[in-house]
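Sequences listed follow chains A and B, in order.
Residues 26 to 261 (this note's numbering) make up the first sequence, in order.
Residues 66 to 263 (this note's numbering) make up the second sequence, in order.
These are computed hints drawn from the structure, not numbers from a lab.
Please note that the accuracy of each hint is not assured.
Away from chain A, derived, C-beta distances all over 12 Å, residues of chain B [unchecked claim]:
#, residue
1, Ile97
2, Arg159
3, Arg181
4, Gln186
5, Met199
6, His202
7, Ser224
8, Glu226
To give a feel for the contact side, a few chain B residues facing chain A, derived at Cβ under 7 Å [to be verified]:
#, residue
9, Thr70
10, Val75
11, Tyr81
12, Gly82
13, Leu200
14, His251
15, Glu255
16, Asp262
Below, simulated BS3-like cross-link-like pairs (lysine-lysine); rule was C-alpha separation at most 30 Å, straight line [said to hold, decoys possible]:
#, chain 1, residue 1, chain 2, residue 2
17, B, Lys68, B, Lys174
18, A, Lys89, B, Lys101
19, B, Lys174, A, Lys49
20, A, Lys38, B, Lys90
21, A, Lys231, B, Lys101
22, B, Lys90, A, Lys58
23, B, Lys174, B, Lys90
24, B, Lys90, B, Lys101
25, A, Lys167, B, Lys90
26, A, Lys167, B, Lys68
Glycine included, every Cβ here is placed at the ideal spot set by N, Cα and C.
The chain contents come next:
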Amino acid sequence: MAVLTDFTSRDWKSHPAYRHPPYKSTVLRGPSKPLLPLPHTLSELTGPIYGHEVLESLDHDLTKNAVRNGEPLGERIIVSGRVLDEEGRPVPETLIEIWQANAAGRYIHRVDQHDAPIDANFLGSGRCMTDQDGRYRFTSIKPGAYPWGNHPNGWRPQHIHFSLFGTSFLSRLVTQMYFPGDPLLPLDPIFNSTADEEARDRLVAKFSLDLTEPEWALGYEFDIVLRGPQSTPMEN
Amino acid sequence: MSKETPSQTVGPYFDYGLTPERYGKTGIANNILTKKETQGIRIRLEGQVFDGEGSPISDALIEIWQSNSQGRYRHPNDDREEFALDEHFHGFGRAPTNNNGEYWFETIKPGPVPSRGNVLQAPHINLIVMMRGMLVHAYSRLYFSDELEANSNDPVLSSIEEERRGTLIAVRQERAGQLIYRLDIHMQGEQETVFFDA
């Protein structure tokens, strides 16, 4: 039996509370009883690992992976960053899945009834793997803001959904990346569900001229920090 | 030291990103974990997800992670060579709920895996529950109602107060020759499912 390294606990100061009344649907959906402790056994310290075999060649390029008869409309962007653990170690070869609205703020999802045009050449989902340094890179279209029924005249800021696995079931993270300077951020109950301002700011990408490709696409840098193994190993 | 990136809700529109079959794309996983060649006892897991008023939740996503029929996880941390990997079994599945809040998986019954200190745990499947209106995913476990003895010795189940243990135990049924385990998930209320600070 391998010597397993226990994981850090979830850092609840960095995460939203389950029930955050300004985001109305949390009230009946967030667990109301305290979470119970769970020792980290093989069940928790293992988890799904996917590699390049699940990727198709255009999965990382949302401007190309759903093209039918032309290019998708909107502002081209590059989104890139590193996936790290809390000790700053890169998380290499880990799968990232993303999904987002099109430039008009319309999701392709069948339930989205927002009166904004669908783009026949844009699906809005993609995936890629991090490299040995934990770096990933997507090409996409800047998503539009869109209205939601949570409160009167409510609009979600522009965002991209991210889903990551990391090295075990404990490092799983589903989150949203926002754009700097979005005037909707201070008004958004989901963004503001994280009480800690520094933690919230980690959800906002930084504009990067280094990532920007001349005469092609604006670059945004978004690093993601996952739970990782503690420094000291434990004997299983 | 870096700090964790905060969790945010999976939102209502995850399915073309995470379970995109309906959009003509293949996802990394779906709710059928078995192939013809997979070893082990075929089972169907099914249930419904309910909110605090008992209404079914039609936009939840359930993820499962489990060992194979020998009790081995497909992961480098599980290097117990004495339990063979099954090349036809990965162990991860995803199911979005339907309009009635129902989910289902076709999988195999997992073998037992050790706890810390090498006490065997009762066979179980690890769950992650997420949905619109949930800002952080929740961890839970699914145990099997026909594993009475193993369940009574399981360190995790034993750590839970008795009245709540049943919220993690899927009830065995047989239907048209199929072995079914049913587990409803209640986000709140009298029967609130036990969720873990894993």
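* Assertion that Met199 (chain B) lies farther than 12 Å from chain A (Cβ) -> About 5 Å separates Met199 (chain B) from the closest Cβ of chain A, which leaves it inside 12 Å; violated.
* Non-interface label on Gln186 (chain B), tested against every C-beta of chain A at 12 Å -> violated, 7 Å
* Minimum Cβ-Cβ distance from His202 (chain B) to chain A exceeds 12 Å -> It is violated; His202 (chain B) is separated from chain A by about 6 Å at its closest Cβ, not greater than 12 Å.
* **Hint check: 7 Å Cβ-Cβ cutoff, Thr70 (chain B) to chain A** => Constraint on Thr70 (chain B) satisfied, holds at 5 Å.
* **Hint consistency between Lys167 (chain A) and Lys90 (chain B) [alpha-carbon to alpha-carbon, up to 30 Å]** => The hint holds at about 22 Å.
* Asked: Was the hint right that Leu200 (chain B) lines chain A, CB cutoff 7 Å?
  -> Holds, because the Cβ-Cβ distance from Leu200 (chain B) to chain A comes to roughly 4 Å (cut-off 7 Å).
* Beyond 12 Å from chain A, beta-carbon-wise, is Arg181 (chain B)? -> violated, 6 Å
* Asked: Is the straight-line distance between the alpha-carbon of Lys38 (chain A) and that of Lys90 (chain B) 30 Å or less?
  -> This hinted pair is violated, its Cα atoms lying about 37 Å apart.
* Quickly compare the C-alpha distance for Lys174 (chain B) and Lys90 (chain B) to 30 Å and report which way the hint goes. => holds, 28 Å
* To do: Mind checking the alpha carbons of Lys90 (chain B) and Lys58 (chain A) for me, to see if they're no more than 30 Å apart?
  => violated, 38 Å
* Asked: If you draw a straight line from the CA of Lys174 (chain B) to the CA of Lys49 (chain A), is it 30 Å or shorter?
  -> violated, 38 Å
* Asked: Taken at face value, is the distance from the CA of Lys101 (chain B) to the CA of Lys89 (chain A) at most 30 Å?
  -> At roughly 35 Å apart (the allowed maximum being 30 Å), Lys101 (chain B) and Lys89 (chain A) break the hint.
Checked against the numbered hints above, the structure violates hints 2, 3, 4, 5, 6, 7, 8, 14, 15, 17, 18, 19, 20, 21 and 22; every other hint is satisfied.
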